[in-house]
Amino acid sequence: MKVHLEKLVVQSKKEMEMINITDKVEEVVRKSGITQGIVNVITMHTTTGITVNEGLPCLEEDTLDTLRRLVPEGLNYHHARYLDFDGRLGVNAHCHLRGMLTGINAIFPVENGKIVRGGRQNIYFVEMDGPLSREYCVQVLGE
1 MKVHLEKLVV QSKKEMEMIN ITDKVEEVVR KSGITQGIVN VITMHTTTGI
51 TVNEGLPCLE EDTLDTLRRL VPEGLNYHHA RYLDFDGRLG VNAHCHLRGM
101 LTGINAIFPV ENGKIVRGGR QNIYFVEMDG PLSREYCVQV LGE
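Heads up: the sequence shown begins at 1 in our numbering, then just goes up one per residue.
Any given hint might turn out to be false.
As the list claims (entries may be wrong) - Here are the computed lysine to aspartate or glutamate pairs in the EDC-like style, where the Cα-Cα straight-line distance is at most 20 Å:
no. : residue 1 : residue 2
1   : K14       : D129
2   : K14       : D62
3   : K2        : E111
4   : K7        : D23
5   : K114      : D129
6   : K13       : E135
7   : K14       : E61
8   : K14       : E73
9   : K31       : E135
10  : K2        : E26
11  : K114      : E60
12  : K24       : E135
13  : K114      : E143
14  : K14       : E60
15  : K13       : E61
16  : K24       : D86
Source of the hints: derived by calculation from the structure; they are not laboratory data.
Taking the hints into account, I'd like the entire structure generated from these sequences.
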């Protein structure tokens, strides 16, 4: 079995946004040389997520609006306190909780050197605490 791992950087431009990374993931799969296996995409941050959805701007906005409604900013979260382990104030509990809802990864089969996904499925990096420079990993396993 062969394993190929790449760490990629994405720059978010807004506090919350969905960044389509499908092309980047497909490129890593091509470069890996793996023709049969799986690809796993995982975020390296707890205030971001990885999700899959149809690539439409209206659905992107609906997704972000739903996350805002489900986990509103400004509630009395336990995280809203001085964090003595790193000397900062915890002001982004809502971002961490939104990240939990989207999940941290997406896994797809790889067949004949290509990702097997539905015709409308796109892979998104979801920013919830930006704008920031962020990292995600793409790992391809197989033969």
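> Given the hint that K31 pairs with E135, does the C-alpha gap stay at or below 20 Å?
Replying inline: Since the Cα atoms of K31 and E135 sit roughly 19 Å apart, the hinted pair holds (cutoff 20 Å).
> Has the given pair, K13 with E61, been kept, meaning a C-alpha gap of at most 20 Å?
Replying inline: holds (15 Å)
> Regarding the pair K114 and D129, is the alpha-carbon distance no greater than 20 Å?
Replying inline: Judged against 20 Å, a Cα distance of about 32 Å means the pair is violated.
> Given the hint that K14 pairs with E61, does the C-alpha gap stay at or below 20 Å?
Replying inline: At roughly 13 Å apart (the allowed maximum being 20 Å), E61 and K14 satisfy the hint.
>> Check the hint pairing K14 with D62 against an upper bound of 20 Å on the C-alpha distance.
In response: holds (16 Å)
> Straight-line Cα separation of K114 and E143 no greater than 20 Å?
Replying inline: Holds, because 13 Å separates the two Cα atoms, which is no more than 20 Å.
>> Would the hint linking K14 and E73 be met if the CA-CA limit is 20 Å?
In response: holds (16 Å)
>> Given the hinted pair K14 and E60, is their Cα-Cα distance within 20 Å?
In response: Roughly 13 Å separates the two Cα atoms, so the pair holds.
>> For a C-alpha distance cap of 20 Å, please report whether K2 and E111 respect it.
In response: holds (14 Å)
> Regarding the pair K13 and E135, is the alpha-carbon distance no greater than 20 Å?
Replying inline: holds (14 Å)
> Given the proposed pairing of K14 with D129, does the C-alpha separation stay at or below 20 Å?
Replying inline: holds (8 Å)
> When you check the alpha-carbon spacing of K24 and E135, does it fall within 20 Å?
Replying inline: Answer holds: K24 to E135 is near 13 Å, not above 20 Å.
When each numbered hint is compared with the structure, violations occur for hints 5, 11 and 16.
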